[in-house]
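Read top to bottom, the protein sequences are chains A and B.
102 is the number of the first residue of the first sequence in this note's numbering; add one for each residue after it.
102 is the number of the first residue of the second sequence in this note's numbering; add one for each residue after it.
Just so you know, the hints here were simulated from the structure itself, not pulled from any lab data.
For glycine and all other residues, C-beta sits at the position ideal for the given N, C-alpha and C.
Each hint can be trusted.
Part of the chain A face toward chain B, derived, beta carbon under 7 Å:
1. Y128
2. V132
3. L189
4. A208
5. I211
6. L212
7. D215
8. N219
9. Y220
10. S226
11. N243
12. K244
13. I252
14. V261
15. I263
2 protein chains.
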Amino acid sequence: MFDKIFIEKKEDIERVITRYLPKEEGYPKTVIEAMNYSVLVGGKRIRPMLLRETYALFGGESLIIEPYLAAIEFIHSYSLVHDDLPALDNDELRRGNLTTHIKFGHAMGILAGDALLNYSYEILSSAYELSPMYIDRCAKANKYISKKAGIYGMIGGQVVDIEAVGKTLDIESIEYIHMNKTSALIQAAMCAGAILAGATVEELNVVEEAANKIGLAFQIQDDILDIVGDEDKLGKAINSDAKNQKTTYVTIKGIEESRKDVETLTQSALDNLKALGYTNDFLFALIEKLINRIN
Amino acid sequence: MFDKIFIEKKEDIERVITRYLPKEEGYPKTVIEAMNYSVLVGGKRIRPMLLRETYALFGGESLIIEPYLAAIEFIHSYSLVHDDLPALDNDELRRGNLTTHIKFGHAMGILAGDALLNYSYEILSSAYELSPMYIDRCAKANKYISKKAGIYGMIGGQVVDIEAVGKTLDIESIEYIHMNKTSALIQAAMCAGAILAGATVEELNVVEEAANKIGLAFQIQDDILDIVGDEDKLGKAINSDAKNQKTTYVTIKGIEESRKDVETLTQSALDNLKALGYTNDFLFALIEKLINRIN
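Here chain A stands alone, though its shape is the one from the complex:
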């Protein structure tokens, strides 16, 4: 039952984000093809789904949410495109497909990433026009998303991750990387949903903390799958962390302890969210499913 609803919701999100993609025409056609390829090549659409479901948790019902679904996914896509570049992770495959710079060339990989990031902000800065009465909420959501995407969020995590290659890290540094490289954008998604639905500051703090735990659990699960996962299901090679000489949560804590932490973090996040007193069964089920995922 969950799986059927999940697929329906995922397809609906993909319809929305596809509508927000730029048309492949005009002088800059090549970069637009590269942008759209990067977004449409696949993905679980977890961030827009968490955004929409958190919005619903707080009773949000407006179409104002749609540009946010697209923008949060495009920010995620840009980060993957630049991560895959030769100077960074140097990956040729993602989700079983050629990475953007392999398919469109190195220069276009850089520019498509830039273009996706900028386009996200074009979408965010126009969003309020759908419902000018929400201009304040949109302004707050845009500010929150932009902070979590930058040096005090996702990019910060990415920088420390890149600098960590070949070094031995302590658990604090690993947690910094996970909390920023992964949790920050989960926080952006869930808190933007809460802000747009009019959540109070206290509620927002709860969502932020829960999203942090979800992101951490999500990333630890990623590290586990990099060791014990199925390459076909993952759509990428396993053991990439070992190959890239990366210390991960799992190399420090071991698989069993890491699995327990994923479980504990997820339960704690769920407890926090449920204590708010609102209900969205699909959201709660989605969060539980994230830790049992195999890709």
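Starting from the structure of chain A, add chain B where the hints point.
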């Protein structure tokens, strides 16, 4: 006299944008050093200066302008950092200094550019908090800037410029590149100033057209200086367009015709702006000076 005021105004802009730079501390310290280096390494600060002076032309007097000075310069800086990368223009020097990726490494060059772009939007999306009464104007200015920085503006021009290497271009393609790679951000600067000062839609259209001409004249002058300029004053090698097999405005129209076009475009832009009926002698002098510049 003009030069003295110009230097004072430039120094004041540099004080403002320096205040908006992130502190070089914490886990992501390296990327912040690379961001700040990229901004502080120099530049004429033309875009923030045009922004502030256009704001003044329309009677703007609020401090709301300050985050915009920083954001527009940071967007410009990010575009230079990514332009200089090996996969794009592959430049090792800019303004007589090492380019960011040469000084901080290739990965950090990519990430510092990403970080500067994102940080610009962090600044833009917080700007309204300085004066919440201007939330509508800020929203409009942010939307305008984001559009002009993206695929329908600066990135669009950059993409076509990169694809043009080694090809023979017609004058329409050259003008598309200039209008987008250069004029778009000049438009973003001047129109953001006008929007923030409360200019009407008709006035905004005039500023947009004038800024387009100023950007075109500015870029043609750049192409001229790439042939006849003084390397020491420019802080970079000349003849880079020939080296990169780039067709430029000058290779099609010749130096004399190009010089005339710079003059005509500039006069036309000035006439448009003066016809609005407002006065800012420094702005008008600045626009005239741009065509006589030697760096």
